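Q: From first to last, the protein sequence lines stand for chains H and Y. Just so you know, this note's numbering puts 27 at position 27 of the first sequence, and the rest follows in order with no gaps. Just so you know, this note's numbering puts 1083 at position 83 of the second sequence, and the rest follows in order with no gaps.
Hints are computed from structural coordinates only; laboratory data are not their basis. Treat the hints with care, since some could be wrong.
Mimicking DSS-like on lysine-lysine, the simulated pairs with C-alpha atoms at most 25 Å apart in a straight line are [stated by the list, open to error]:
{"no.": "1", "chain 1": "Y", "residue 1": "1039", "chain 2": "Y", "residue 2": "1052"}
{"no.": "2", "chain 1": "Y", "residue 1": "1015", "chain 2": "Y", "residue 2": "1085"}
{"no.": "3", "chain 1": "Y", "residue 1": "1066", "chain 2": "Y", "residue 2": "1022"}
{"no.": "4", "chain 1": "Y", "residue 1": "1062", "chain 2": "Y", "residue 2": "1015"}
{"no.": "5", "chain 1": "Y", "residue 1": "1039", "chain 2": "H", "residue 2": "45"}
{"no.": "6", "chain 1": "Y", "residue 1": "1052", "chain 2": "H", "residue 2": "100"}
{"no.": "7", "chain 1": "H", "residue 1": "100", "chain 2": "Y", "residue 2": "1039"}
{"no.": "8", "chain 1": "H", "residue 1": "100", "chain 2": "Y", "residue 2": "1085"}
{"no.": "9", "chain 1": "Y", "residue 1": "1015", "chain 2": "H", "residue 2": "100"}
{"no.": "10", "chain 1": "Y", "residue 1": "1078", "chain 2": "Y", "residue 2": "1022"}
{"no.": "11", "chain 1": "H", "residue 1": "77", "chain 2": "H", "residue 2": "45"}
{"no.": "12", "chain 1": "H", "residue 1": "100", "chain 2": "Y", "residue 2": "1062"}
{"no.": "13", "chain 1": "Y", "residue 1": "1066", "chain 2": "Y", "residue 2": "1052"}
{"no.": "14", "chain 1": "Y", "residue 1": "1052", "chain 2": "Y", "residue 2": "1078"}
{"no.": "15", "chain 1": "Y", "residue 1": "1062", "chain 2": "Y", "residue 2": "1022"}
{"no.": "16", "chain 1": "H", "residue 1": "100", "chain 2": "Y", "residue 2": "1022"}
{"no.": "17", "chain 1": "Y", "residue 1": "1078", "chain 2": "Y", "residue 2": "1039"}
{"no.": "18", "chain 1": "H", "residue 1": "45", "chain 2": "Y", "residue 2": "1052"}
{"no.": "19", "chain 1": "Y", "residue 1": "1085", "chain 2": "Y", "residue 2": "1062"}
{"no.": "20", "chain 1": "H", "residue 1": "100", "chain 2": "Y", "residue 2": "1078"}
{"no.": "21", "chain 1": "Y", "residue 1": "1078", "chain 2": "Y", "residue 2": "1015"}
{"no.": "22", "chain 1": "Y", "residue 1": "1022", "chain 2": "H", "residue 2": "45"}
{"no.": "23", "chain 1": "Y", "residue 1": "1052", "chain 2": "Y", "residue 2": "1015"}
Some chain H residues flagged as far from chain Y (calculated, every beta-carbon gap over 12 Å) [unchecked claim]:
{"no.": "24", "residue": "13"}
{"no.": "25", "residue": "15"}
{"no.": "26", "residue": "18"}
{"no.": "27", "residue": "19"}
{"no.": "28", "residue": "30"}
{"no.": "29", "residue": "38"}
{"no.": "30", "residue": "65"}
{"no.": "31", "residue": "72"}
{"no.": "32", "residue": "74"}
{"no.": "33", "residue": "112"}
Bear in mind the structure is a predicted one, so any value in this text is a computation, not a measurement. Virtual Cβ for every residue (Gly too), placed ideally from N, Cα, C.
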Amino acid sequence: GDSVTQTEGLVTLTEGLPVMLNCTYQSTYSPFLFWYVQHLNEAPKLLLKSFTDNKRPEHQGFHATLHKSSSSFHLQKSSAQLSDSALYYCALSETGNTGKLIFGLGTTLQVQP
Amino acid sequence: DAGVTQTPRHEVAEKGQTIILKCEPVSGHNDLFWYRQTKIQGLELLSYFRSKSLMEDGGAFKDRFKAEMLNSSFSTLKIQPTEPKDSAVYLCASLGGLAETLYFGSGTRLTVL
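Generate coordinates for the entire structure from the input sequences, incorporating the hints supplied.
A: Here it is as structure tokens:
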């Protein structure tokens, strides 16, 4: 079946350094990919979703590029901020139903001063 | 606009008890989802409703978990009987808006002793 892999459970870096959180997937179809962010004691919120026309989605300084050849949708940001500290989930939708999602295990990003 | 509302925020149950978690989706949203969140499994889909009809009832969770949607603005998730392994955060989400975005509630943290 379809699956999403996030290899890092915890990423710790210093404010101002670039961020890259890994996400790879397995799917029989051409799925839609998503990144959700969950700050402490808050609800998960949509951060980014892939487009069908290969545009690169961007939001709050984050971007991700869907690479079908490598089945990846890594999350990147040029300069980390303290407020970026949160739990990040990569997810896919195989049917186009953007609510029925298969999630990875999540990566906790800790940004230190 | 009000977001997704979940009650209670915290629930403590003894093994074998019956508990009912409640969710009010965003007004006007037709799709409602229940997810379970744990560190070991990440987010797992439990149930999915479209226009109050049950579309998916996650296989591994069928025997003791029952989600219902009696009207378009209210859903419940019943766990009967509870087991310690059910300790998790239960998230309700609804889907809607022009961008078909999934909106999560803040969740109910269940602890089963």
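Q: Now, for every hint given, state plainly whether the structure supports it.
A: For each hint, the structure was consulted:
1. Y/1039 - Y/1052: violated (30 Å)
2. Y/1015 - Y/1085: This hinted pair holds, its Cα atoms lying about 10 Å apart.
3. Y/1066 - Y/1022: holds (12 Å)
4. Y/1062 - Y/1015: OK: residue 1062 of chain Y and residue 1015 of chain Y at ~18 Å, within 25 Å.
5. Y/1039 - H/45: holds (18 Å)
6. Y/1052 - H/100: Satisfied, since the Cα-Cα distance of roughly 15 Å is no more than 25 Å.
7. H/100 - Y/1039: Cα-Cα ~20 Å, so holds.
8. H/100 - Y/1085: holds (24 Å)
9. Y/1015 - H/100: Since the Cα atoms of residue 1015 of chain Y and residue 100 of chain H sit roughly 30 Å apart, the hinted pair is violated (cutoff 25 Å).
10. Y/1078 - Y/1022: holds (9 Å)
11. H/77 - H/45: holds (17 Å)
12. H/100 - Y/1062: Judged against 25 Å, a Cα distance of about 17 Å means the pair holds.
13. Y/1066 - Y/1052: holds (14 Å)
14. Y/1052 - Y/1078: holds (16 Å)
15. Y/1062 - Y/1022: holds (18 Å)
16. H/100 - Y/1022: holds (20 Å)
17. Y/1078 - Y/1039: holds (22 Å)
18. H/45 - Y/1052: Since the Cα atoms of residue 45 of chain H and residue 1052 of chain Y sit roughly 24 Å apart, the hinted pair holds (cutoff 25 Å).
19. Y/1085 - Y/1062: holds (15 Å)
20. H/100 - Y/1078: Roughly 20 Å between the alpha carbons, so the hint for residue 100 of chain H and residue 1078 of chain Y holds.
21. Y/1078 - Y/1015: With Cα atoms ~14 Å apart, residue 1078 of chain Y and residue 1015 of chain Y stay inside 25 Å; holds.
22. Y/1022 - H/45: Holds, because 20 Å separates the two Cα atoms, which is no more than 25 Å.
23. Y/1052 - Y/1015: Given that 25 Å is the threshold and the Cα spacing comes to 30 Å, the pair is violated.
24. 13: holds (21 Å)
25. 15: Nearest chain Y Cβ is 26 Å from residue 15 of chain H, so the label holds.
26. 18: holds (25 Å)
27. 19: holds (20 Å)
28. 30: The claim holds: residue 30 of chain H sits with its nearest Cβ about 17 Å from chain Y, beyond 12 Å.
29. 38: Nearest chain Y Cβ is 8 Å from residue 38 of chain H, so the label is violated.
30. 65: holds (20 Å)
31. 72: Residue 72 of chain H clear of chain Y: closest Cβ-Cβ about 18 Å, beyond 12 Å.
32. 74: holds (18 Å)
33. 112: holds (22 Å)
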